[in-house]
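Engineer: One letter stands for each residue in the lines below.
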Amino acid sequence: MAHEASETHGEKAHAHGAGRYFIVWILLLIFTVTTVVTGRIDLGPVNIVLALAIATIKAALVVLFFMHMTEAAGANRLVFVVSIVFVIVMMIGVFGDLWTRNPMTLPTGNPPPAFHTTAE
Amino acid sequence: MSSSDGHAHNPHLAHHFDTIEKQDYAVRLGMWLFLGTEVLLFGGLFLGYTVYRHFYHEAFHEASRHLDLWAGVTNTIVLITSSLTVALAYYEIKRDNAKRAAALLIFTILCALVFLVIKSIEYTHKFQEGALPGAHYHYAEVTAPGANLYYTVYFLATGLHAIHVIVGMSLLIWVLARLLKGHFSSSYYVPLELGGLYWHLVDLVWIFLFPLLYLI
Amino acid sequence: MSQSNQLSQASDDKPVYPAVNYLNADRGVWSWLTTVDHKRIAIMYLVSVLIAFLLGGIFALALRVELLTPGPTIMGANTYNRMFTLHGVVMIFLFMIPAIPGVFGNFCLPLMLGAKDVAFPKLNLLSLYLYWTGATIALGGMIMGGTDTGWTFYAPYSTTTPMTVFPLLLGVFILGFSSILTGLNFIVTIHTLRAPGMGWMRLQLFVWAIYATSIIQVLATPVIGLTVMLVGIEKVGHFGFFDPARGGDPVLMQHMFWFYSHPAVYIMVLPGFGVISDVIAAFARKNVFGYKAVAYSSLGIAFVGFFAWGHHMFVSGQSPVDDGAFAAISMLVGVFTAIKVFNWVATLYRGAVVVGAPLVYICGFLFFTVFGGMTGIAVATVSLDVHWHDTYFVIAHFHFIMVGAVIMAFLAGLHYWFPKMFGRMYHEGWAMVSACLIVLGFMATFIPQFLMGNAGLPRRYYIYPEKYQSLNVASTAGASLLAFGFIIIAIYLIYALARGEIAGANPWRSEGVEWMTTSPPDKHNFHETPVITRDPHSYQQPGEEVEHVVI
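Protein chains in written order, with our numbering: chain R, 1 to 120; chain E, 1 to 216; chain U, 1 to 551.
None of these hints come from the bench; they were simulated from the model. A couple of the hints might just be wrong.
Stated by the list, open to error - Quick list of in silico lysine-lysine cross-link-like pairs, DSS-like style, CA-CA up to 25 angstroms:
hint, chain 1, residue 1, chain 2, residue 2
1, U, K467, E, K22
2, U, K523, E, K181
3, E, K181, E, K99
4, E, K22, U, K122
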């Protein structure tokens with residue numbers, strides 16, 4: 001392909017160098033270490049929240065910088081966000097059911113649900 | 001862009017698109033839509049995880065302690081690094097550094113292989129311990145009720161993920177082949193970009209699977 | 001070429017059949033099988049879905065014949081189970097879901113956008129191949145393996161039945177991919193291949209409907225893909241994911257199944273709504289009333305349809321709290337559908353209505369959509385559904401929508417676009433006859449089923465108490481009428497393919513962009529990219545009177 005294209009294209013394409021990718025990588029590694037270390041300390045219910053929060057931050061770093069979502073077209077961003085939203089919708093619908101079901105209909109060996117329904 | 005004036009010059013422009021910009025936009029949108037479908041596919045499995053964790057949180061907590069943590073951590077680092085290298089490959093090809101891009105792609109593919117090797121070691125270990133769920137499940141070390149479902153979710157989630165690693169790796173090999181043949185440059189690199197996007201998704205899924213399965 | 005009636009002719013001009021068009025541009029079976037022309041792909045979809053419809057109809061007739069007598073009539077219990085499984089799977093996965101998008105979406109979408117093809121023509125062909133593959137595997141496997149789970153293949157029955165379920169699961173998986181790729185293709189096409197001047201608010205309503213449908217296809221279908229995988233793995237490996245004996249939850253399977261399958265019914269119905277919008281505009285020869293409302297309501301249905309799946313699970317063991325939530329949300333969908341119905345009727349009102357077969361289908365559609373929709377609201381009411389669930393009432397409700405709405409829309413579209421696709425007109429007299437037969441036959445088939453269901457007759461039962469016999473006989477008689485109507489359609493359409501009157505570019509004098517090119521269209525659709533300067537479906541400028549024409 002024509003060489004003269006690369007200069008103009010390089011200018012147009014990115015204002016940043018390769019450095020930002022390495023910074024993101026280091027951050028990801030730091031977060032990984034953090035989550036492994038905190039995962040082995042017993043913090044009770046905080047463990048799950050912390051693990052998910054760190055995972056979300058790591059995921060955001062990958063999506064925004066490695067996948068260039070900061071520069072992506074609006075439609076692409078919308079697609080990705082909407083797909084996540086619908087996974088959450090699925091979870092809400094199912095959990096709404098699990099939390100409020102009659103205890104007899106839950107799989108065995110299970111503690112009773114958080115809410116008690118009056119229908120018994 | 002050296003060929004902004006249309007069809008006659010750019011061999012990559014399909015006849016039904018007016019400009020290469022439109023075509024690139026379309027191809028990227030198509031890829032993001034496909035990634036959206038993958039999010040929903042894995043989303044269903046994450047739903048299964050959360051449901052059974054909700055029912056059997058003791059078993060899940062205990063069983064996660066019995067996974068090979070070294071394997072999980074190593075694989076996480078391997079995948080994160082492979083994401084870096086594929087992003088760098090994209091960066092390099094946009095600057096016409098095809099050789100560097102190829103080297104980075106090769107590294108990425110090797111990382112994928114390493115991931116799969118470590119995964120198979122883990123799986124073999126688990127089979128030997130009797131953790132494969134189903135008729136032959138006899139993993140005595142975790143006694144809390146519902147432990148077999150932990151392993152069901154574990155094998156289903158990591159298995160589906162591994163299949164995607166294989167698919168992603170194959171995609172990257174195909175992209176590498178084209179790169180080595182000289183198809184890509186600063187004026188045409190979209191397939192590499194898209195292969196990279198798919199690979200990042202594979203990484204993303206693992207970023208969530210790792211803590212959910214190995215840490216908590 | 002600007003958007004005007006340049007190619008539509010006054011009634012005394014001789015209609016032209018272009019000597020070279022997409023049908024004969026390349027010759028030979030291989031050129032068809034390897035085509036990337038969206039129009040040829042559409043025709044192949046048409047043939048395929050019609051074969052599927054024929055098969056599904058035969059299975060339905062077999063069921064209806066069996067139900068003529070209270071005891072066994074022509075088959076035993078197992079065969080009956082296999083028959084309704086076949087009927088359901090073939091009709092839903094091989095016809096209802098792929099048909100309107102695959103046929104009219106493929107054929108018309110690029111034309112309506114002023115484009116030369118869809119965004120990814122090769123992917124389009126792949127969708128077709130996947131459809132054929134999935135259909136063959138599912139159908140072949142079900143027939144040879146005796147699948148008897150119903151199209152819903154609920155665990156734990158599907159995971160423990162000795163009958164083969166795997167081909168059905170694999171077939172559905174592959175068909176799902178076909179559906180996803182089609183949806184993906186259409187979304188990208190609508191975003192990137194619109195002709196100059198075609199802003200979003202100039203899109204024809206059929207395009208909006210296809211857009212909403214494609215969004216559902218892309219978002220919902222992966223979940224059924226996962227569900228069939230999990231059921232298949234469960235059947236082979238007995239991992240316990242849905243097995244209560246191993247700690248699993250069978251209701252979870254239903255949640256995952258219906259998360260797709262409820263939006264799937266909107267995949268089936270939304271394109272039908274789109275067809276009706278376009279055909280009503282053309283047949284009322286009037287600007288569409290409430291264009292934006294109709295356009296946005298398609299998106300509304302797609303969106304809200306994702307939150308309503310639990311209304312299939314009212315008596316499955318789902319909590320009453322979820323029952324109530326899903327019931328309330330399900331009713332919301334009715335709001336969007338009602339918006340459409342009001343706007344359609346308002347478009348017809350004081351229109352210069354052209355009487356013809358498509359109009360008969362429109363009238364049938366409107367009537368059946370309203371009743372089907374209202375009975376939908378009725379079954380969405382938990383306290384009522386407790387009695388109606390798994391009875392013929394539900395069957396009648398969804399057949400009112402699936403057949404009464406969607407198939408009427410399909411037939412309306414088929415007759416409306418037949419001249420565009422093939423350049424020839426069908427015989428109007430026979431078309432009217434069969435349209436009336438179908439509308440009447442449909443009512444005779446399914447109204448008795450509402451009564452049966454309300455009286456308590458369960459579905460999927462091959463024998464029943466004597467007191468239901470007269471209603472069953474009436475329903476079967478109706479089904480025979482329906483079949484007869486379809487046979488007549490097949491005959492005159494096939495005849496028209498060879499010997500029909502030349503239609504010309506725009507026999508309906510429609511304002512759709514797809515009519516701005518020849519009939520049949522050229523292989524490349526338009527000789528020059530059209531420039532769009534008018535609003536869609538615009539028959540009158542502000543202040544102009546409605547114009548009566550002779551078609």
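Engineer: For the pair we were handed, U/K523 and E/K181, check the Cα-Cα distance against 25 angstroms.
Structural biologist: At roughly 34 angstroms apart (the allowed maximum being 25 angstroms), E/K181 and U/K523 break the hint.
Engineer: What's the verdict on U/K467 and E/K22, does the C-alpha distance respect the 25 angstroms limit or exceed it?
Structural biologist: Roughly 65 angstroms between the alpha carbons, so the hint for U/K467 and E/K22 is violated.
Engineer: Can you confirm whether the C-alpha distance between E/K22 and U/K122 stays at or below 25 angstroms?
Structural biologist: With a Cα-Cα distance of about 18 angstroms, the restraint between E/K22 and U/K122 holds, given a limit of 25 angstroms.
Engineer: Checking one constraint from the list: CA of E/K181 to CA of E/K99, max 25 angstroms. Satisfied?
Structural biologist: 11 angstroms, holds
Hint compliance for this structure: hints 1, 2 are not met, and every other hint is.
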